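Undergrad: Chains R and W, in that order, are what the protein sequence lines are. All residue numbers for the first sequence refer to the numbering used here, where the first residue is 1 and numbers rise by one. All residue numbers for the second sequence refer to the numbering used here, where the first residue is 1001 and numbers rise by one.
Since the hints were derived computationally from the structure, they do not count as laboratory data. Hints may be right or wrong, so weigh each one.
Cβ-to-Cβ under 8 Å is the rule here; a few derived chain W residues that face chain R [said to hold, decoys possible]: (1) Leu1096; (2) Trp1099; (3) Leu1101; (4) Met1187.
Keep in mind that this is a model prediction, so the values were computed, not measured. We put the beta carbon where it would ideally sit given N, CA and C, even for glycine.
What follows is the residue order along each chain.
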Amino acid sequence: MQGSMSKDVMTTLVVSAALIWALPLMVSTYTLTILIIYGMLGLSLGLIWGFGGIICFGQAAYFGLGAYTYAIAAINFGESTIPMLLAVIVPAIFAALLGLMMFYGRLTDVYLGVITLVVMLILFKFINSTAGPQYVIGNARLGGYNGIPGFQTLNVPGDPSAYIWGDAYFYVCAVMLALVFILVSALLRSSFGRIAVGIRENEIRMSLMGYDIRARKTILFSIGAAIAGLAGALFANWSEIVTPSLFSLRQSAEIIIWCIVGGFSNRVGPIFGAAGLAYIKILLGQQSMVDNTLIMGIILVVFVLFLPKGLVPAVAELWNISFGRRKRGASRSGRRVRNRGKANG
Amino acid sequence: MDLSAVIFIEILYAVASLIMISAGLAVVFGMMKVINLAHGEFMMMGGYATITAVNLGVNVFVAMLIIAPLIVGLIGLVVERLVIRHLYGRLIDTMLATWGLSLFFIGIVTMIFGNTTTGISTPIPGFTVGNYQINGYNFFIILVAIALVILLYAVLKGTRAGLIARGTMQRPDMAASLGYSPDRIYMATFFCGSALSGLAGAVLAPLVGLVPTSGAAYIAKAFITVIAGGPSLIAGLVSSSTVFGIISQTFSFAVSPVMGEVALLVAAVVLLRLLPQGVTGKFFKGKL
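This is chain W alone, in the form it adopts within the complex:
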């Protein structure tokens, strides 16, 4: 009983962290059809922003939930203006350019912070269920992920800004003729996507030892989750995160954590072979 409760929470946590990791990438890809391979580095920088802010004496939650997203969002804004703006509609070129950016950021963070592991302790203490110890911080991540999905849905579906953004993504020419500048909207969307990446990196930072190359650990997972999710933003994100989270966590418990990771990757290959357009290319069609 205790064990199954622990496993259930762990699976929930795995799904939640996949949603967190992929949300920023999903917004940028789902709305703008741009794959940002520097996403992992955006997360890494979110983590560094948090740690730096905490070391300067800022409250850890303020640092995670406000400062890190803002800083990474601003970096994203600069990147969008300087590089990505010129490459809209060229999927492969944006991937390559952002891959270059990711190397650039790894290099620059290595030069600033050095190639050493840094970290902060988790701000929420753990507690026990029967004979097992559960990390209390996992609950925080699950809550943040749920809040994130709800917020995303509410903004896109309920607000005027969300409506304009969705309209522009479908028909930029139409939006332009109605008086909205697609350029500005792309810019804002990329800012939001980057901020989400920064948030994810910040929230996950206390769980991992942060090095300048930690982004690489996230990017593959995020990339796979988003592509496997398919065209619908939120439905795709949630469904593929759920599938992959359950598979990887089950294998982690049954065999070993490494096999859990391998199982996730194998599942991704099989899933893409069966559903080449992603989960939402077949199911939940036309949903958000």
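Same shape as in the complex, but just chain R:
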């Protein structure tokens, strides 16, 4: 486990470079950009739920918060470098404060779900009601139900007139996702990440071993929110408008569906789940015979019932059974680590 970080980075770089080269040949970069952004959003929930065991029904809150922070800051600053940073920092701080309240109150499973959901709904209701001219931050009107259009989109740092858009923007997003993925891998390999997994497995045991689980959960939650915020800022740049629907119940449901379908407890599952389902949704959006929501619902139910671990672990397991070299008597955890390595490659 220790020595393989460099190998891990190499694999990530090679695979992502291959995908970045190959995918635009098949799908338009405009569509691919949004798939990548959703992939990053899925990864953020996969990190806190799959590895930290924090049940968050309101991950869309940080996505929306990142998007709104970016839009508001971009209007006020007239360039995009500081707004991008703010869009990561603001959701992280917000989540840290919420985490302080939740984890230090020793709230667990379903209660965490309720509170994260409720906080998202509060944001949704609040933003929806800010249509009046009195709701202004700097030069930016919050715009209520109509959202905020017409802000400065991503530019080359230091030169506000050099916009990054189209194909170039796709490459920026793809590189960002690869970077975030490597950072998440590094985090999970660090002692912090391994202790986080330990907390997921057995909270009492970890606290008896002397780890401050409350602080660790808060930090992990905050990191997840930062990634979701980054995804939100990238989304704002892609769509060039932010609306309250970013905070909606449906958006949160979709993030969870992506993670369930892809598989929670590995890093690639949520990304592929998100990108795959979002692509299916785009394809389905082009026909009007069957309602889109209906199919998403069926997918979620079927996966919870029949494949609760998700697609990527199931495929990895199948791969291992068919082609993998299995050591006799290998421990269960050892096998799981190997699965993860395979899934990444």
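Place chain W on chain R using the hints.
TA: Leaving out everything else, chain W in the frame of chain R:
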């Protein structure tokens, strides 16, 4: 004087509607520890059942109080047999599966009825108190809510079926060894919970314009009320509905309806932080 009477009635109405909204979810969660996130859609379907029945010429009260609960109860029965039955004891998985079901129902209702607003007029005329107009239908909802709570209590406490149900919820193995099938009892309980959801949706239908996504407006409130209520079914339902109803309605009058909703949500967060096991985790312990 007139104003305070109106405010009092409005608060009573807010509490009553919260009880109505949450009752179905509370029965299913309190008895079976299953959180049905498709609850809002069950209510929505109750509303559609009522409207369809009324348009076919059925008396509106028959449609609301009998037809809608029956239809939604039957849908709940099918859902329980096909999906939820396999997930007992896995709280998070049931939530996710029922969330999927909720999307499924939104989709299917959109395909049948279209994405348009439908509605029926309130069957009870309004009347005036001093300078203010009060919706007479609000009284009907308050009465139904009171009747509902009394009925629920009477059934659970007074009848043999209620006793068996409560026993099964506490120790399914014991109930099974006494010759009652937990499977059948869960099924019946889920039917009752769904029927209550359908009833709530039907009774509230004349007040709202119904769209396939209206369920989302209810589910969050119901979910919060039930979780904040805690383990005791009826005491939790009534106490948390009262707290939230008073808070949201006070803020609605003092500031704006949106702030009323926000105040309710903030109150829920604070309440859960202070009483992580819900109101009845601390007070009224061991009551029904």
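Undergrad: Look at each hint and say if it fits the structure.
TA: Each hint, compared with the structure:
Taken as an interface hint, Leu1096 of chain W checks out: its beta carbon lies about 5 Å from the nearest beta carbon of chain R, inside 8 Å. Contact between Trp1099 of chain W and chain R, as hinted, is supported at the beta carbon level, the nearest pair being about 6 Å apart and thus within 8 Å. Interface hint status for Leu1101 of chain W: upheld, as the beta-carbon distance to the closest one in chain R is roughly 6 Å, under 8 Å. Checking Met1187 of chain W against chain R by beta carbon gives a least distance of about 18 Å; that is not within 8 Å, so the hint is violated.
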